[in-house]
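**Student:** Based on the provided sequences and hints, a complete structural model is requested.
2 protein chains.
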Amino acid sequence: MNFSSKLLEKAVNEVSQLPGIGKRTALRLVLHLLKQPTINTHHLANSLTTLVDEIKLCKQCHNISDVEICEICSAVSRNSEIICVVEDVRDVMAIENTAQYKGLYHVLGGKISPIEGIGPHNLTIESLVEKVQKGLVKEVIFALSSTIEGDTTNFYIFKQLEKYQIKTSTIARGIAVGDELEYADEVTLGRSILNRIPFENSL
Amino acid sequence: MNFSSKLLEKAVNEVSQLPGIGKRTALRLVLHLLKQPTINTHHLANSLTTLVDEIKLCKQCHNISDVEICEICSAVSRNSEIICVVEDVRDVMAIENTAQYKGLYHVLGGKISPIEGIGPHNLTIESLVEKVQKGLVKEVIFALSSTIEGDTTNFYIFKQLEKYQIKTSTIARGIAVGDELEYADEVTLGRSILNRIPFENSL
Chain C
1 MNFSSKLLEK AVNEVSQLPG IGKRTALRLV LHLLKQPTIN THHLANSLTT
51 LVDEIKLCKQ CHNISDVEIC EICSAVSRNS EIICVVEDVR DVMAIENTAQ
101 YKGLYHVLGG KISPIEGIGP HNLTIESLVE KVQKGLVKEV IFALSSTIEG
151 DTTNFYIFKQ LEKYQIKTST IARGIAVGDE LEYADEVTLG RSILNRIPFE
201 NSL
Chain B
1 MNFSSKLLEK AVNEVSQLPG IGKRTALRLV LHLLKQPTIN THHLANSLTT
51 LVDEIKLCKQ CHNISDVEIC EICSAVSRNS EIICVVEDVR DVMAIENTAQ
101 YKGLYHVLGG KISPIEGIGP HNLTIESLVE KVQKGLVKEV IFALSSTIEG
151 DTTNFYIFKQ LEKYQIKTST IARGIAVGDE LEYADEVTLG RSILNRIPFE
201 NSL
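As given, the protein sequences belong to chains C and B, one line each in that order.
Just so we're aligned, residue 1 is where the first sequence starts under UniProt numbering, counting upward by one.
Just so we're aligned, residue 1 is where the second sequence starts under UniProt numbering, counting upward by one.
Everything labelled a hint here was simulated from the structure, so no lab data went into it.
Any given hint could be a false lead.
Identical chains share a label here; the pair holds if one copy fits it or two copies do between them.
Stated by the list, open to error - Derived DSS-like pairs: lysine-lysine, alpha-carbon spacing no greater than 30 Å straight-line:
| no. | residue 1 | residue 2 |
| --- | --- | --- |
| 1 | Lys102 | Lys134 |
| 2 | Lys59 | Lys10 |
| 3 | Lys159 | Lys6 |
| 4 | Lys35 | Lys10 |
| 5 | Lys35 | Lys59 |
| 6 | Lys35 | Lys56 |
**Tutor:** This is the structure in structure tokens:
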């Protein structure tokens, strides 16, 4: 690209560092900002720098939070004996949106992935084990995505927790509500038959 | 969305103001920034605020520039008697990339579009007419996109310049180099036949 301005070039280069944003999209976004009042860009820039400077991770569940202990961990209405293990903050948001879960979370910060160089010690597994060791946890629910990395991570954590007398469970895999059977993949359909539940429980 | 942090929510809301970026993409981008070193986000934020605070429009061609008169307008090697009228800086960059044009530009800043509330007075048409009035321009090339708005804008400017004895031209429309005839639309193919050029000129 043949930039007429070094400032423009620098901004486009910075924006195109973001994942999934190429040079052309970056140029479109930056030109959009130039058409807006200057104050909008200042608001955008401030919100980003304030975020990265002031954000905390909850000391208990490692979720993104504005305070030391996040709203979920400090809520008295929640059952602290059940811990749901998730990959990142997006999974917490997704489960919270269902309004079906009243336990606490434990955010791993990723999945074990030798290819990406992520080992168990890059995740918050140790702190989960410590929580269980203290004897205050009755059930750990694994809610990682069902990929090879997710399954490996589940299994690794399961092995760490095996010696403590707690219940471990994993979220149900099956046909999504509203989906047609004929379009489901075989593995999911197979699991949904193996893991069938009493009809009265589905009502 | 159920945010666990006000700072995160604010940043996601700001990023999702950008065109073509929804809440989910904004969340993905912001979480990416949180995984990077803090300094990266500061660089990004600084490059954007510096851009909007310090960018100038060239006083001659209205192109985005770091200085009062842009590199193209101030280059002695360029032919200042030919002016190519374009919509915005991206068009200047596209034409510059061809290395085929040695005249100057005039950036309109948009196209006449009653639907979007953009009239001739929101564009830099007046300053183009002034340039022509001074008698230093010999040819004006229209290089707007061939949409209704583009054609309207071309025609409006053409009418303004009619009384001055200058040449006006428009970039050639036709089959793109490398394209198959059978897939070309009829309008383009029709124009390419009407506006055929002597074979020896195409060599």
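**Student:** Each hint: holds or not?
**Tutor:** Now for the hints, and whether the structure bears them out:
1. Lys102 x Lys134: within (21 Å within a copy, 76 Å between copies)
2. Lys59 x Lys10: Result: close only across copies, 22 Å inter versus 37 Å intra.
3. Lys159 x Lys6: neither (55 Å within a copy, 37 Å between copies)
4. Lys35 x Lys10: both (18 Å within a copy, 22 Å between copies)
5. Lys35 x Lys59: between (42 Å within a copy, 17 Å between copies)
6. Lys35 x Lys56: The answer is between: 12 Å across copies meets 30 Å, while 34 Å in one copy does not.
Consistency with the previously given hints fails for number 3 only.
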